[in-house]
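Chains as they are written, first to last, in the working numbering: chain B, 27 to 321; chain A, 31 to 335; chain V, 26 to 338.
It cannot be assumed that every hint is accurate.
As the list claims (entries may be wrong) - Computed Cβ-Cβ distance ranges for the label pairs, DEER-style: (1) B:W218 / V:K150: 33 to 41 Å; (2) V:V145 / A:R214: 38 to 46 Å; (3) A:P92 / B:I226: 39 to 47 Å; (4) B:I226 / V:K150: 22 to 30 Å; (5) V:E222 / B:I301: 45 to 53 Å; (6) B:I301 / V:T175: 23 to 31 Å; (7) B:E193 / A:L132: 18 to 26 Å; (8) B:P199 / V:T300: 47 to 55 Å; (9) V:A104 / B:A197: 50 to 58 Å; (10) B:K320 / V:V88: 53 to 61 Å; (11) V:R331 / B:I226: 29 to 37 Å.
Claimed, not checked - In silico PhoX-like links for lysine-lysine, alpha-carbon gap of 25 Å or less: (12) B:K43 / V:K231; (13) B:K320 / A:K216; (14) B:K92 / B:K71; (15) V:K142 / V:K231; (16) B:K320 / A:K169; (17) A:K332 / A:K315; (18) A:K175 / A:K191; (19) B:K320 / A:K175; (20) V:K150 / B:K320; (21) A:K315 / A:K105; (22) B:K43 / V:K142; (23) B:K320 / V:K147.
Simulated from the structure, these hints should not be mistaken for lab results.
Ideal Cβ placement from N, Cα and C applies to all residues, glycine included.
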Amino acid sequence: MSERQAIEAAPAARRAKDTAFRLALMACLGLSILLLGVLLYDVVKDGAGHLDWHFVSSFTSISADKAGAQAAIWGTIWLMGICAVFIVPVGVATAIYLEEYADNDRWYNRLIEVNIQNLAAVPSIVYGILGLAFLVRGPLSLGNTVLAGGLTLGLLVLPVVIISGREAIRAVPPSIREGSMALGATQWQTIWRQVLPASIPGIATGVILALSRAIGETAPLIVVGAATVIAFNPEGLDSQFTALPIQIFNWIQRASNDVNDYRPLAAAAILLLMIMLILMNSIAIWLRNRYEQKW
Amino acid sequence: MERVTEPQDRQEEEQERGLSQRIGVRQDATAGAPAVDGPATVPRGPREAIFGLEEVQVSYGPKPAVRGVNFDIGKNEITALIGPSGCGKSTLIRCLNRMNDLIPGARVEGKVLYHGQDLYGAQVDAVEVRKRIGMVFQKPNPFPKSIYDNIAFGPRVLGMKGSMDEIVERALTQGALWEEVKDRLKTNAFGMSGGQQQRLCIARCLAVNPDVILMDEPCSALDPISTGKIEDLMMELKQDYSIVIVTHNMQQAARVSDKTAFFTVELDDEEHRSGRVVEFDDTEKIFTNPADSRTEAYVTGKVGE
Amino acid sequence: MEASASAAGARAVPTLGAARRRWGELLVKALLILATLLSVLTTTGIVIALLRETIDFFGSVGVWEFLSGTKWTPLFEPASFGVRPLVIGTFLITGIALVVAAPLGLGAAIYLSEYAKPRVRKTIKPILEILAGVPTIVFGYFALTFFTPTILQDLLHLKVDLFNALAAGIIMGFMILPTIASVAEDAMSAVPQSLREGAYGLGASKLQVSVRVVFPAALSGIVAAIVLGVSRAVGETMIVLLAAGAVANNALNPSEPHQSLAAFIGATAGGDAPTGSIEYKTIFAVGMLLFVITLIMNLISIRFVRKYRQVYE
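Model the full assembly from the supplied sequences, consistent with the hints where possible.
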């Protein structure tokens, strides 16, 4: 066989293998996207018809055609608010300390970092147990209140805020800090007036992503005692409460007895939840694109 | 201050002029004419030292970065620190406003006296130091704020009294920037050119009314025209402030400074580089008749960076 | 000029002031440290909460019985506290999830890292992020109301119960797929281009480069990705709770209902268990086991992530 034939002949079989491999890889992606598509289609199909003003403004009820998600919606909003009030100061303060004050050669600071990384991977239901033991019962004894629920969710997503906050702070170049300190500003003045304002877009994005994770969680709320049948919106921090994921869970369980009535309700509530999530994530992306500082 | 002694004959004079032309020293200085009172000079009595450095040595970690620093920095003078890369001139200048405090493991030995006080005394607050001794950095570092807020930042955090508008205008005027930006004070500083940004940084420094201005290679990131503007600015500023400038541009040092300190690099047994001050004198002397052969090798270009 | 000269001279010799302790700065630092300690406190809290009740639990129930017993009926009379079925349920479902997520996730990662053009990557990555952002309860709903009846039973004619481990496992696989894909893709992207070029230069095909050069080079990151995915699957509650039923089951039969550790906790902790009851304590004992398992996996994963980052930096 001539050299040329040798070079040209061999690849034919190999090219077939290459193409097959490439197609297999694309199939992997394709399957994932397909599943997402089917899932969304299914949810929309089941629930879109039921998603109307009546649904949003009614409370849950024994009869499925009268039931609505108002209590769940407001419960979720309250939880989000309490969670935000908790995670923003604590998360940002921790991020500032770790980036601006902590000396990374010290063992205790490295331990804190590993700690936060671990917390980010603890199953969400374990946070529910933590909330049950210390917030609902135990030392704080808040009971099955929306405050306990919001704080539990806050503890769950705090690592997200800390990690993204640190990234945002780290992105501010050292030259800005030097310029500020060289003028006679103290470390805190530099952080408060230069570093933080420049990191706010990144921090805000992180907070929104943390909150969108928080409102999608069911398991911790179950353990912390969110009510499943409740006909009022939260009236105070000490109110009992429900939330969209909990209501969805309850309606799915009822659907096992009564598919036709409760499945559309569950699906409509899922749609509502997904809409909220899409909205929040879009805001986060918009924020990042609009306000991100290019150094 | 006595000028250089008159050359013995024309040939020597021409030789010197040739040398000085190569490095751009002003002609009247080498011609032996007495100092002319003009806008660039201040009638002064005995030379007052702002900084006194005695056997100063700076180390990051166990090995020294620069040592053997012994000289004074005079009031209303421009003092240049020159030398090859790695000789510690930036390290030293950062000691003068205690910016090295920000680097963990940095250590200063010897005496750094500021108006007779030990700058590193136990009672001294580094923040107070920096209010009086300002710094301009190699790469312009304006804050991501408006021009106005850049200038106003220092006065605000220091709690300076008075109309902020006036303070900002005065600083920008002193920094030779007012005319160019007076109509766009609220625009973002990042929109300015490199040379303008650096003048902004100088004006920002001036706004807090410092005593001394330290400049760490302020023109090395700039084009020649901006460099020229900043050099002119420095000559004006020295009437009211004392300036120390690190530069690796010898011509610049020769053009603007009154005194020059020459640093050299040494290698110890373990291949560790450290800097040392070889010579400190009037600028003309350093460039026309240096005492040390190492200085001469550097200023005549025999030795590279 | 005279004025400026005298102004310069008239400026008083500045004293540097005694270093008055800046109380404001110290206060701020103290507050920041307090906030940081909260994260440490959380971990301590978790450990204490779990430990206390678990030790209490083992006062009534033997450790050996717990770990090796095969019947889990804590709420019946007579109660049985062998946690084996829960562990079996957890790892059966996780195993099925891995069978789905590992090949698909790694395949997607290789494609994104080695084959996809930048524009394709920019469109695909957000889609994967959407998949990652779907709340687990939605996955659970989908598994129970669509996947089992329509796909498994009608389409594939599999003989599965309404509540079964197969559906939970497969859907769980899609849930952890984005995690595996993104960590693995990170690891593969970190492999220096020079390694690929060396292989291409020798006449290797893209397939060979991807599989024989990049994949092994990124191996520690890939292992980290899989371990992380497994950890998420083990700790996941809602998909199992909704789709796999509430029956603790020892048989390794995916078509039957199973209960995982996390699902048991979710099913039991409705908020009414009286403090101190055996019911209450089982929540913590099982929670402890779950926490320990996932902690070990997370530490392993972090170790592997550090390894792949180190090699190339």
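Comparing the hints with the structure gives:
Evaluation of the 33 to 41 Å hint for W218 of chain B and K150 of chain V yields a pass: the beta carbon distance comes to about 35 Å. Between V145 of chain V and R214 of chain A the Cβ separation comes to about 43 Å, which falls inside the hinted range of 38 to 46 Å. In this structure the supplied range 39 to 47 Å holds for P92 of chain A paired with I226 of chain B, their Cβ-Cβ distance being about 41 Å. A beta carbon spacing of about 25 Å between I226 of chain B and K150 of chain V agrees with the range 22 to 30 Å that was offered as a hint.
Between E222 of chain V and I301 of chain B the Cβ separation comes to about 47 Å, which falls inside the hinted range of 45 to 53 Å. I301 of chain B and T175 of chain V have their C-beta atoms about 24 Å apart, which keeps the hinted 23 to 31 Å range intact. Checked against the given bound of 18 to 26 Å, the beta carbons of E193 of chain B and L132 of chain A, roughly 22 Å apart, stay inside it. Between P199 of chain B and T300 of chain V, the C-beta spacing of about 53 Å keeps the proposed range 47 to 55 Å intact.
Checking the proposed 50 to 58 Å range against A104 of chain V and A197 of chain B shows it holds: the Cβ atoms sit about 56 Å from each other. Between K320 of chain B and V88 of chain V the beta carbons are some 58 Å apart, a value that agrees with the proposed interval 53 to 61 Å. Distance hint check: the CB atoms of R331 of chain V and I226 of chain B are about 31 Å apart, consistent with the given range 29 to 37 Å. Of the pairs offered as hints, the one joining K43 of chain B and K231 of chain V holds, with about 11 Å between alpha carbons and a cut-off of 25 Å not exceeded.
Of the supplied pair hints, the one linking K320 of chain B and K216 of chain A holds, its CA atoms being roughly 19 Å apart against a limit of 25 Å. Between the alpha carbons of K92 of chain B and K71 of chain B the distance comes to roughly 20 Å, so the proposed pair stays at or under 25 Å and holds. For the proposed pair K142 of chain V and K231 of chain V, the alpha carbon gap of about 14 Å is at most 25 Å, so the pair holds. Restraint check: the Cα-Cα separation between K320 of chain B and K169 of chain A comes to about 16 Å, which is no more than 25 Å; the hinted pair holds.
Simply put, K332 of chain A and K315 of chain A have alpha-carbon atoms about 18 Å apart, close enough for the 25 Å limit, and the pair holds. Restraint check for K175 of chain A and K191 of chain A: the C-alpha separation of about 22 Å stays at or below 25 Å, so the hint holds. The hinted pair formed by K320 of chain B and K175 of chain A meets the criterion: a straight-line CA distance of about 13 Å does not exceed 25 Å. A threshold of 25 Å between alpha carbons decides the hint, and for K150 of chain V with K320 of chain B the separation of about 23 Å falls inside it, so the pair holds.
The hinted pair formed by K315 of chain A and K105 of chain A meets the criterion: a straight-line CA distance of about 19 Å does not exceed 25 Å. For the given pair, K43 of chain B sits about 20 Å from K142 of chain V by alpha-carbon distance, which is consistent with the 25 Å threshold. With a CA separation close to 20 Å, the supplied pair K320 of chain B and K147 of chain V stays within the 25 Å bound.
Figure legend: structure checked against the earlier numbered hints; every hint is met.
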